[in-house]
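Participant: Sequence:
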Amino acid sequence: MAGHLRFLFGRSTQDQVRHQEVRALVINKMSETFEAVANHEAAWIEPNIQETLGVICEDLHISKRGTNQDELSPVFFEPLGTHNVPQPHPTQDQGQKLVKEIFENWDKPTPRPPTVTDQIYMLMYRIENILCTSARDYESEYGWSNTLSDYAKWIECGDIIPELVAEEFEGPLYGSPRNQLNRPHTLLATLTKSDADERLSRYEAVVILTVMLSRLEGDECLNHNVIPVMVISVFPGFKLRILEAHYDYRGLVIRKSDFLSFVNGDAAIASMDILASFMCSRMIGNTMDPHIMTKPGAAVPPLPGDNPGREIRSRELISLRVGSFWRGACDLFKSPIPDIKNPRNTDS
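With positions in the sequence shown counted from 1, the corresponding number in my numbering is that position plus 3.
Since the hints were made in silico from the structure, they are not lab data. Quick caveat, the model's predicted, so the values are computed rather than measured. Please note: incorrect hints may appear among the correct ones.
What the hints assert, rightly or not - Here are the simulated lysine-lysine pairs, DSS-like style, with alpha carbons at most 27 Å apart:
#  : residue 1 : residue 2
1  : K196      : K242
2  : K298      : K100
3  : K196      : K32
4  : K67       : K111
5  : K32       : K67
6  : K259      : K103
7  : K32       : K111
8  : K32       : K242
9  : K242      : K259
10 : K196      : K259
11 : K111      : K100
12 : K111      : K242
As the list claims (entries may be wrong) - Beta-carbon label-pair distances, calculated as ranges:
#  : residue 1 : residue 2 : range
13 : Y128      : D200      : 23 to 33 Å
14 : V78       : F106      : 42 to 52 Å
15 : Y128      : Q23       : 42 to 52 Å
16 : S76       : E104      : 21 to 31 Å
17 : R68       : K103      : 35 to 45 Å
Yeah, the Cβ is synthetic: ideal placement off N, Cα and C, and Gly gets one too.
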């Protein structure tokens, strides 16, 4: 109900009609992209097939200061920069001690060589502790604690399981901004046992589209045409990458960073600062853009008419389950970890 009221106030009848028409076009095109990606048999999306599927991959170049190096447009996440990430609180020794111990013990040998699953859990538990249990030097608000996870203003939303790949993939969860921010931006975490690959995985694209369609079809983002998504995509070898995604006239636009290494203590310190800079990003950009599906300089495209065959099938392909997101980050990563493979391969 609150979402409906926010949508109705401040818009003329003509603007409301136009907005609904644009949203219908976005959902229609996004559903077509979803079906194309979901029906793609290969586990990884080769560059020469991306455009055919309606996926546009761009590089996300990150500076050592945890900021964007490129002038990209549109932009929906503005990283803080490592120099602006709140530092450990000077008077709360317990938090400082915990962070210090985590990095000091980073390279400590384990009783046995860590398996692929061990590597991912070890990395995520360490990140969780740094994000969620170490007090930071900033003034908290609304009674929240002063950890980095609370500073970033994300709250738990639920986990997203695309039924098409549910048997092989488990674990992607997402969070949305606190309600009072009225933002459609979404933070998503995915993890997989497959070796890291520079290519975009079909799994990453399917989950991103699932989240976007789920939120657009719900009633919490009625006044938005764009659902910006940031993905923390975790792989074996103590590494992860950051993806930023949105949908516009080109299709599903995904900006993909190089891998951040957490392979040893020194690398982990630098990568953790960059990760915190992005997770604490300012949520920016015009998510109500009425021209989001129009190429700059082009005529406004015709809006979708009545077409029963165009019925959106995302509800048949997705399900939402109650979960937790960044309960710290700990509970987020306690479900089975997927191994990327061809879901249609029944020989294994």
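Participant: Each hint should be assessed against the structure and marked as holding or not.
Facilitator: Now the hints, each set against the structure:
{"no.": "1", "hint": "K196 to K242", "verdict": "holds (12 Å)"}
{"no.": "2", "hint": "K298 to K100", "verdict": "violated (52 Å)"}
{"no.": "3", "hint": "K196 to K32", "verdict": "violated (31 Å)"}
{"no.": "4", "hint": "K67 to K111", "verdict": "holds (26 Å)"}
{"no.": "5", "hint": "K32 to K67", "verdict": "violated (37 Å)"}
{"no.": "6", "hint": "K259 to K103", "verdict": "violated (30 Å)"}
{"no.": "7", "hint": "K32 to K111", "verdict": "violated (50 Å)"}
{"no.": "8", "hint": "K32 to K242", "verdict": "violated (33 Å)"}
{"no.": "9", "hint": "K242 to K259", "verdict": "holds (14 Å)"}
{"no.": "10", "hint": "K196 to K259", "verdict": "holds (19 Å)"}
{"no.": "11", "hint": "K111 to K100", "verdict": "holds (17 Å)"}
{"no.": "12", "hint": "K111 to K242", "verdict": "holds (18 Å)"}
{"no.": "13", "hint": "Y128 to D200: 23 to 33 Å", "verdict": "holds (24 Å)"}
{"no.": "14", "hint": "V78 to F106: 42 to 52 Å", "verdict": "violated (32 Å)"}
{"no.": "15", "hint": "Y128 to Q23: 42 to 52 Å", "verdict": "holds (45 Å)"}
{"no.": "16", "hint": "S76 to E104: 21 to 31 Å", "verdict": "violated (43 Å)"}
{"no.": "17", "hint": "R68 to K103: 35 to 45 Å", "verdict": "violated (23 Å)"}
Of the numbered hints stated above, those contradicted by the structure are hints 2, 3, 5, 6, 7, 8, 14, 16, 17, listed in ascending order.
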